[in-house]
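2 protein chains.
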Amino acid sequence: MRKIKAVVYGVGAMNTIATRMLLDKGVEIVGALSRSEAKVGKDLGAVTGLGELGVTISNDPAEVFKRTTPDVAVIAVNSYMADAVEQLRACAEHGVNAVTLSEEALYPWKTSPEITEELDAIAKRTGATLTGTGHQDVYWVNIVTMMMGTAHKIDSVTGRASWNVDDFGPEVAGDQQVGSSVTEFDKWLKSASRPPTFGRNVLDALVAHTGLTPTKITTTTRPDLAPSRMYSKALQAEVEEGAVIGFTDVDEIRTEEGPVFTFEMSGRVYMPEEGDINQWDIAGEPELTLSNGTVPTQITTCTQLVNRIPDVIKAEPGFVTVEKLPALRYRAFPLHEYVWGTR
Amino acid sequence: MRKIKAVVYGVGAMNTIATRMLLDKGVEIVGALSRSEAKVGKDLGAVTGLGELGVTISNDPAEVFKRTTPDVAVIAVNSYMADAVEQLRACAEHGVNAVTLSEEALYPWKTSPEITEELDAIAKRTGATLTGTGHQDVYWVNIVTMMMGTAHKIDSVTGRASWNVDDFGPEVAGDQQVGSSVTEFDKWLKSASRPPTFGRNVLDALVAHTGLTPTKITTTTRPDLAPSRMYSKALQAEVEEGAVIGFTDVDEIRTEEGPVFTFEMSGRVYMPEEGDINQWDIAGEPELTLSNGTVPTQITTCTQLVNRIPDVIKAEPGFVTVEKLPALRYRAFPLHEYVWGTR
Numbered sequence: 398m399r400k401i402k403a404v405v406y407g408v409g410a411m412n413t414i415a416t417r418m419l420l421d422k423g424v425e426i427v428g429a430l431s432r433s434e435a436k437v438g439k440d441l442g443a444v445t446g447l448g449e450l451g452v453t454i455s456n457d458p459a460e461v462f463k464r465t466t467p468d469v470a471v472i473a474v475n476s477y478m479a480d481a482v483e484q485l486r487a488c489a490e491h492g493v494n495a496v497t498l499s500e501e502a503l504y505p506w507k508t509s510p511e512i513t514e515e516l517d518a519i520a521k522r523t524g525a526t527l528t529g530t531g532h533q534d535v536y537w538v539n540i541v542t543m544m545m546g547t548a549h550k551i552d553s554v555t556g557r558a559s560w561n562v563d564d565f566g567p568e569v570a571g572d573q574q575v576g577s578s579v580t581e582f583d584k585w586l587k588s589a590s591r592p593p594t595f596g597r598n599v600l601d602a603l604v605a606h607t608g609l610t611p612t613k614i615t616t617t618t619r620p621d622l623a624p625s626r627m628y629s630k631a632l633q634a635e636v637e638e639g640a641v642i643g644f645t646d647v648d649e650i651r652t653e654e655g656p657v658f659t660f661e662m663s664g665r666v667y668m669p670e671e672g673d674i675n676q677w678d679i680a681g682e683p684e685l686t687l688s689n690g691t692v693p694t695q696i697t698t699c700t701q702l703v704n705r706i707p708d709v710i711k712a713e714p715g716f717v718t719v720e721k722l723p724a725l726r727y728r729a730f731p732l733h734e735y736v737w738g739t740r
Numbered sequence: 398m399r400k401i402k403a404v405v406y407g408v409g410a411m412n413t414i415a416t417r418m419l420l421d422k423g424v425e426i427v428g429a430l431s432r433s434e435a436k437v438g439k440d441l442g443a444v445t446g447l448g449e450l451g452v453t454i455s456n457d458p459a460e461v462f463k464r465t466t467p468d469v470a471v472i473a474v475n476s477y478m479a480d481a482v483e484q485l486r487a488c489a490e491h492g493v494n495a496v497t498l499s500e501e502a503l504y505p506w507k508t509s510p511e512i513t514e515e516l517d518a519i520a521k522r523t524g525a526t527l528t529g530t531g532h533q534d535v536y537w538v539n540i541v542t543m544m545m546g547t548a549h550k551i552d553s554v555t556g557r558a559s560w561n562v563d564d565f566g567p568e569v570a571g572d573q574q575v576g577s578s579v580t581e582f583d584k585w586l587k588s589a590s591r592p593p594t595f596g597r598n599v600l601d602a603l604v605a606h607t608g609l610t611p612t613k614i615t616t617t618t619r620p621d622l623a624p625s626r627m628y629s630k631a632l633q634a635e636v637e638e639g640a641v642i643g644f645t646d647v648d649e650i651r652t653e654e655g656p657v658f659t660f661e662m663s664g665r666v667y668m669p670e671e672g673d674i675n676q677w678d679i680a681g682e683p684e685l686t687l688s689n690g691t692v693p694t695q696i697t698t699c700t701q702l703v704n705r706i707p708d709v710i711k712a713e714p715g716f717v718t719v720e721k722l723p724a725l726r727y728r729a730f731p732l733h734e735y736v737w738g739t740r
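Residue numbers (the numbering used here), protein chains in the order written: chain A, 398 to 740; chain B, 398 to 740.
Hints may be right or wrong, so weigh each one.
Listed next, the stretches of chain B that the computed footprint assigns to chain A, with coverage defined by at least 3 CB atoms under 8 Å from CB atoms of chain A [what the hints assert, rightly or not]: (1) 475-486; (2) 533-541; (3) 622-628; (4) 675-685.
Simulated from the structure, these hints should not be mistaken for lab results. All C-beta atoms in this analysis are idealised placements derived from N, C-alpha and C, irrespective of residue type, glycine included.
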């Protein structure tokens, strides 16, 4: 039984983790792609700190795909479909299955329909499967749909998640309005031109899974305020009590049949004891709740990118979103045993 | 598109709830079975308080199955395979799919192999599918295997669940040794002849799903003690601080490949603010946790019994345990649309 051949597409922090996991799971890395001049020409192992891998980083996807005929590309490059289309199209045109952590790719049918339909058509023609996965796959979609499966009647589904502004640099802290007053925040929000939230994609996937008919879709944004004087590592500055430490986007989809779906995504400076959360509440019969305590979002993004590979290789061709894939499972054995073996 | 035809097998507290849910989901109840002389001959609706249903409760499964040719039987009668085999065999012999809440039926391949293999053979011959489901399906197996799917490397999986002795009568309180001293408890435990725990079936299902090889299987039992003077509704008596209020069975399966699976099931008198819990921790990379707060176990048993019906009707014939079924999903529409329609 041969190994799965993978190309690592993007050689940043996420694919550095994913590359280690791929190797641990018996995947053969046959190529690596980056646009960074500092990385192209170097060995993937040297750049990721994993030791000599004999895989030279290239900036030519077409050449790499033709030469290596990989079973899958593992893409960790960007977040929005407008950008992600470049890597996904390259994969689709060469008949290469792809998993990407691009957040919008989780369920892009409503927010970027033209691009997604174009990619779906190319992939169906060449026999490739394209899937957006990552932390959001299980924690924001499939663990929620499974808990929904234990309800008799659902009135509402409400999710709450968060990320730490201080995990990123001063630019992101600025984007999140850290340090602003509420007045400044309100002024910024009125004139801000922002892309659709990823919470929207999460709710689109949940609603699509139920077969319910979306009617009204809204996004509102509220500032998160410092409960006391705080220090922001990203800003390298103190933030006064009552000042803005980030904000929460609240996406909501109402449905013709009644159930209301809400997702609150908060990007803010954390208090010392805080971590990323994942909490879901279902109102109806019965009342249900789920919490994953503190979630290591970056690691669970990489694990799902890797553990989804057998599902994606085996899936029908096209742009296949995760609510249509089988329940994700732990890969105790090399990944190829789940594709070509009896696991 | 015709409705699903169901027979309600057992007319107690659980199937009273399930009958209402079946009717809500557009299922046609074509028969009802009970061995209770007080119920046989009466209308199912009269006994369950759901109003005239035109379904007379019978004590003759063969006659009911032949006359009504149901698509599925919903069994809520007993807990162990040694008892459950009677109802499951009746279904299998008549080619009737069945869901049962019998706890051991969740994964009976190891604890009752002969009975299970016999039922599997009959069901395969007649084209029926037999499945044990209920609260344990999602909360103790499938939500756990899904969270495991977000791990890179698992060292251990540890679950904790509980049930309230006071939800039952004095007999169960006696079985749980409520009111005993620790010395009395230890003496009882040494000589007690107890059937395998249901935690064993849960762990068997989890390990089977991973494909790992079980090596050592143990069950240990420890008393739960009153943290202060408590009142037991089941005993209708006070229990002194330090006295036994129930006990916790700790099942453990070690595997050849390394990961250790543990499930702690506690049946005890609750403090006023306590409820049934469901908590799972995965140690490895990364560390993961899940809690469902307070779980309404009886309701989630009935919802899963009902919501699993389309999966069971569509499954291959045989004794099909839940770790092999598709991810359970919410049924927003009549159940037959998931079987014969495009949902």
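* Going back to the hint list, which numbers does this structure go against? -> Of the numbered hints, 1 and 3 do not hold.
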